[in-house]
Every structure is written in structure tokens, then in C-alpha cells.
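Q: Just so we're aligned: the sequence shown equals residues 1 to 222 in full-length UniProt numbering.
In short, the hints are calculated from the structure, not lab data.
We put the CB at the ideal spot given by N, CA and C, even for glycine.
Hints are supplied without guarantee of correctness; some may be wrong.
Unchecked claim - Restricting the straight-line Cα-Cα distance to at most 20 Å, the calculated cross-link-like pairs of lysine to aspartate or glutamate (EDC-like) are:
(1) 170 to 213
(2) 152 to 183
(3) 74 to 142
(4) 50 to 142
(5) 202 to 179
(6) 152 to 67
(7) 100 to 124
(8) 170 to 155
(9) 50 to 132
(10) 187 to 198
(11) 43 to 33
(12) 152 to 179
(13) 152 to 38
(14) 77 to 67
(15) 187 to 151
(16) 77 to 132
(17) 83 to 124
Stated by the list, open to error - If you anchor each label on the Cβ, the simulated ranges turn out as follows:
(18) 203 to 67: 18 to 26 Å
(19) 75 to 124: 16 to 24 Å
(20) 137 to 35: 23 to 31 Å
(21) 197 to 140: 29 to 37 Å
(22) 123 to 199: 53 to 61 Å
(23) 66 to 123: 32 to 40 Å
(24) 170 to 100: 28 to 36 Å
(25) 157 to 97: 39 to 47 Å
(26) 100 to 40: 43 to 51 Å
(27) 86 to 129: 27 to 35 Å
(28) 82 to 195: 49 to 57 Å
(29) 110 to 86: 14 to 22 Å
(30) 57 to 35: 27 to 35 Å
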Amino acid sequence: MRALFNFLLLIAIGTLTYLCIVSVVDPIHFNREREAREAIVIKRLENIRKAEIVFRNRFGHYTANADSLILFIKYGKLPVIEKQGFLNEDQLRSGLTEKKAMKIINSGNLSEIKKYNLEHFRRDTAYVNISDSLFDKGFSADSLLIVPGTDKMFELETGEIITASGYPVKLFEARTPYEVYLDGLDKQSIVNLRDIAEKRGKYPGLKVGSVVEINNNAGNWE
Numbered sequence: 001m002r003a004l005f006n007f008l009l010l011i012a013i014g015t016l017t018y019l020c021i022v023s024v025v026d027p028i029h030f031n032r033e034r035e036a037r038e039a040i041v042i043k044r045l046e047n048i049r050k051a052e053i054v055f056r057n058r059f060g061h062y063t064a065n066a067d068s069l070i071l072f073i074k075y076g077k078l079p080v081i082e083k084q085g086f087l088n089e090d091q092l093r094s095g096l097t098e099k100k101a102m103k104i105i106n107s108g109n110l111s112e113i114k115k116y117n118l119e120h121f122r123r124d125t126a127y128v129n130i131s132d133s134l135f136d137k138g139f140s141a142d143s144l145l146i147v148p149g150t151d152k153m154f155e156l157e158t159g160e161i162i163t164a165s166g167y168p169v170k171l172f173e174a175r176t177p178y179e180v181y182l183d184g185l186d187k188q189s190i191v192n193l194r195d196i197a198e199k200r201g202k203y204p205g206l207k208v209g210s211v212v213e214i215n216n217n218a219g220n221w222e
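The task is simple: from the sequences and hints, build the whole structure.
A: So this is what it looks like as C-alpha cells:
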């Protein structure tokens, strides 16, 4: 009986030791993996923010249409001003501006060009691909709205708020919940994260922008 009792005691001690180790190691592993995944998701959300801002600058509004945003980024172009020369103090004091200078140059009037010393002044507009100018090398527009490590897409939403002065402000929001980008990790830990966020009135996941307040397109991690 004593041998049996000692055997059972050893099993109990081993089980308790294992549970203690797991209770410490599992949260560490979860938090480490969560941080690694969130860093990648945040980078993708920052790219979405860039794309939405360029889209708004071009069309005057944001878009919640994934196909429209991706096609624009893949095939759209941005104007880039190539500058040569500058206006000196004397030229500026005479009332010359870059707009006036270019008007004189485009007129082809050589005497006027020489009069204002604009022989070497140029402002040419070139167009570059949006994907090349805004994003890192290797960027793929087709994956822009896919949550990294999953086959799910970010949720896109647009809106508008009228300020107290009656000015309409266009808004957008891109988001993904914990359950999507933390899929495969400890389910109870994910439930706990959601519970904490909801109790604080926060979005349970990662998002950039907002359709309920003007936040300058900030991410909820910033």
C-alpha cells in the first residue's frame, strides 16, 4: 500500500508540476506569437491606409470596394514634378512665381525667358506607377486586402461625418478581428482578449481609420 501511495503521490506531483509549467509557458507563447502576427498585420493595414489616401486624393472619396482599390493601386499612376533650377531673391521680389515662370517658358517667347533669366528653369510632370512609388519592393497589390497568414480579407467600410461647421469629412475604416489573425492559437486567450476590448469599448482586433469619429486615419495600435 505504501508503494502504491508513493507512486500515486509522484503522479500527482508530476501532474501539478506540468500544469504549473504550462500555466506559465502557454501565455508567454501566446503573447509572443500574437506580437509577431500583429506586426505583420499592422504593416498591411498601413499599406491599406496609404492606398485609401491616394484613392481619395484622386477621386475625392474613399472606397469600400476591394476590386476598385486593388485595380487602382495596380494600374494607377501618380504625377511627379521634376524640378530644374529655382527662383532667386531678385526674381521673387519682382513678383515672379513658379506658375508665372512656367507660363513664360511655355509661351516660347525667348526675349521674355532671357529677361527673367529662366533659361535653365524647368518644371516637368512625369507619371510613375502607384505601386512602385508608395510601397516597398516586392509589394503585391493582389494581397493588399488579405489578412496575412489567412485566406480572409480585411473588412472595409466608408462613411461621412458632418462637422459642427457643416463641413463633410470623408472617412474609411479597415479592420480584422482577433479571431481571424490569431486563428490557431489558444481559443480561451482569444476570448479573453475580446472580452477585455469590449469592456473597454474598443474594437476587438486591429483596425485603421474610423467611420464613427474623425481620427486622422490612425490605427488603434498607435
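Q: Within 20 Å, alpha carbon to alpha carbon, are residue 202 and residue 179?
A: Distance of about 15 Å is within 20 Å: holds.
Q: Would you say the C-beta atoms of residue 203 and residue 67 sit inside 18 to 26 Å of each other?
A: holds, 25 Å
Q: Taking 23 to 31 Å as the stated bounds, is the beta-carbon spacing between residue 137 and residue 35 within them?
A: The hinted range 23 to 31 Å holds for residue 137 and residue 35, with Cβ atoms some 25 Å apart.
Q: Could one say that the CB atoms of residue 86 and residue 129 fall in the range 27 to 35 Å?
A: The hinted range 27 to 35 Å holds for residue 86 and residue 129, with Cβ atoms some 28 Å apart.
Q: Is the hinted pair residue 77 and residue 132 satisfied, with a Cα-Cα distance of at most 20 Å?
A: Holds - the C-alpha atoms of residue 132 and residue 77 are around 9 Å apart, at most 20 Å.
Q: Starting from the range 27 to 35 Å, see whether the pair residue 57 and residue 35 falls in it by beta-carbon distance.
A: Taking Cβ atoms as reference, residue 57 and residue 35 lie about 33 Å apart, which means the hint holds.
Q: Please check whether residue 66 and residue 123 have a Cβ separation lying inside 32 to 40 Å.
A: holds, 37 Å
Q: Can the restraint linking residue 187 and residue 151 be considered satisfied, given a maximum Cα separation of 20 Å?
A: Status holds; Cα separation ~19 Å.
Q: Compare the distance between the alpha carbons of residue 170 and residue 155 with 20 Å, and conclude whether the hinted pair is satisfied.
A: holds, 17 Å
Q: Given the hint of 28 to 36 Å, check if residue 170 and residue 100 actually sit that far apart at their C-beta atoms.
A: Between residue 170 and residue 100, where Cβ atoms are some 34 Å apart, the hint holds.
Q: For a C-alpha distance cap of 20 Å, please report whether residue 50 and residue 142 respect it.
A: Satisfied, since the Cα-Cα distance of roughly 15 Å is no more than 20 Å.
Q: Are residue 100 and residue 124 close enough, with their CA atoms no more than 20 Å apart?
A: Given that 20 Å is the threshold and the Cα spacing comes to 15 Å, the pair holds.
The structure is consistent with each of the numbered hints, conforming to all of them.
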